[in-house]
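Undergrad: Sequence:
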Amino acid sequence: MQVPIIDLDEWVTSRNVAVAEAVDQACSTVGFMQIIGHGVAPDVIQTMLAASDEFFVLPLAEKLLAVPPHPGINRGYAALGAEALSYSLGVAPSLPDLFEAFNVGPEHVDRSDPVVVADPHQFFAPNVWPARPASMRSAISAYFDEAQRVAVMLTDIFSVALGLPDGWFAPFVDRSTVTMRTIRYERRHGDVDPAPVQMRMGAHTDYGMVTVLYADPVPGLQIVGPDGFWHDVVPVPGALLVNLGDLTAQWTNDRWRSTLHRVVPPPADSQGAAVRRSAAFFFDANHDAVISCVPTCRSVDRPAKYPTVVAGEHLIAKVMGPRTMTVSTAVDTAGERKDVV
Numbered sequence: 033m034q035v036p037i038i039d040l041d042e043w044v045t046s047r048n049v050a051v052a053e054a055v056d057q058a059c060s061t062v063g064f065m066q067i068i069g070h071g072v073a074p075d076v077i078q079t080m081l082a083a084s085d086e087f088f089v090l091p092l093a094e095k096l097l098a099v100p101p102h103p104g105i106n107r108g109y110a111a112l113g114a115e116a117l118s119y120s121l122g123v124a125p126s127l128p129d130l131f132e133a134f135n136v137g138p139e140h141v142d143r144s145d146p147v148v149v150a151d152p153h154q155f156f157a158p159n160v161w162p163a164r165p166a167s168m169r170s171a172i173s174a175y176f177d178e179a180q181r182v183a184v185m186l187t188d189i190f191s192v193a194l195g196l197p198d199g200w201f202a203p204f205v206d207r208s209t210v211t212m213r214t215i216r217y218e219r220r221h222g223d224v225d226p227a228p229v230q231m232r233m234g235a236h237t238d239y240g241m242v243t244v245l246y247a248d249p250v251p252g253l254q255i256v257g258p259d260g261f262w263h264d265v266v267p268v269p270g271a272l273l274v275n276l277g278d279l280t281a282q283w284t285n286d287r288w289r290s291t292l293h294r295v296v297p298p299p300a301d302s303q304g305a306a307v308r309r310s311a312a313f314f315f316d317a318n319h320d321a322v323i324s325c326v327p328t329c330r331s332v333d334r335p336a337k338y339p340t341v342v343a344g345e346h347l348i349a350k351v352m353g354p355r356t357m358t359v360s361t362a363v364d365t366a367g368e369r370k371d372v373v
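Going by this note's numbering, the sequence shown opens with residue 33, and the numbers climb by one from there.
Just so you know, these hints were derived from the structure itself, not from any lab.
Remember, predicted model here, so these are calculated numbers, not experimental data.
Please note: incorrect hints may appear among the correct ones.
Claimed, not checked - DEER-style ranges, computed between Cβ atoms:
#1 V44 x D206: 35 to 41 Å
#2 P335 x L92: 24 to 30 Å
#3 D145 x V184: 16 to 22 Å
#4 H221 x V250: 17 to 23 Å
Here a beta-carbon is modelled for each residue, glycine too, at the ideal position from N, C-alpha and C.
With these hints in hand, go ahead and build the complete structure from the sequences.
TA: Put into structure tokens, the structure is as follows:
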């Protein structure tokens with residue numbers, strides 16, 4: 033199975049409809065794509081990775097100072113073993129996941145916005161920046177802004193790919209709930225091997241609209257392909273990975289896939305330390321957006337499969353499952369694909 037490679041430069045320069053057609057094909061089959069021509073400068077990526085590296089190698093006691101006060105606050109440090117992502121699918125694993133993460137949202141939030149004021153879960157809480165490294169705030173923020181630019185461009189392409197009017201998604205994402213996680217998977221010298229069923233990140237689908245993912249070009253990421261089996265995904269040089277979330281699967285009546293994926297540990301017989309880094313930017317629609325099947329994805333013969341949902345309510349139900357180690361109550365789009373978990 034191949035994850036399609038799509039050059040966005042042709043969209044930027046000429047809005048070439050062939051790009052939208054390629055996106056539709058990728059989203060309808062694999063649910064993942066590799067994008068090149070995205071315009072994110074390599075030095076922005078490398079600076080973000082360097083700052084993240086400096087943070088994650090700090091003593092644990094220092095990193096724990098950046099833990100948010102409540103699991104619903106999607107900011108700050110998540111320690112090794114603090115989450116189990118398969119809970120978001122309604123699957124209860126026996127062991128937690130083997131990753132560390134640092135979560136950020138927008139630096140500038142309109143605190144007078146009624147949606148922000150009324151939010152009971154502090155989804156729009158201020159970022160929790162650590163004291164060290166001093167470069168982390170600027171480095172992460174610079175990459176965050178670039179990833180958001182790419183995500184907005186993708187929603188523009190989505191409108192054309194789905195046969196909708198230009199800019200159809202814009203009113204749903206002009207105050208988008210956005211979160212970015214820099215993630216580190218590390219096996220240190222002397223670490224015991226994980227249990228046979230334990231993942232670096234458990235099988236899950238993403239929760240919202242679209243994810244823009246930087247991933248080190250090393251093995252670990254696996255996705256469930258159209259054949260129902262797990263396949264390794266290693267991005268080509270310079271590419272960012274893009275996948276869809278559950279809200280988009282609901283929006284498109286499963287015309288587009290919210291693809292099941294996971295991160296597996298290194299082989300048990302590999303020796304020494306092993307590090308894998310990623311940065312996942314989640315672009316998740318306005319918190320108060322009402323999501324129901326788009327007009328071009330339903331018909332008399334293909335009625336809407338999913339109930340209407342409010343984006344923010346869906347997101348918090350998904351987020352809280354893995355962090356409280358309880359089964360998520362959110363609408364499930366994985367269906368029978370969970371048989372491979």
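Undergrad: Taking the hints in turn, state whether each one holds.
TA: Verification of the hints:
| no. | hint | in the structure |
| --- | --- | --- |
| 1 | V44 x D206: 35 to 41 Å | violated, 21 Å |
| 2 | P335 x L92: 24 to 30 Å | violated, 52 Å |
| 3 | D145 x V184: 16 to 22 Å | holds, 19 Å |
| 4 | H221 x V250: 17 to 23 Å | holds, 18 Å |
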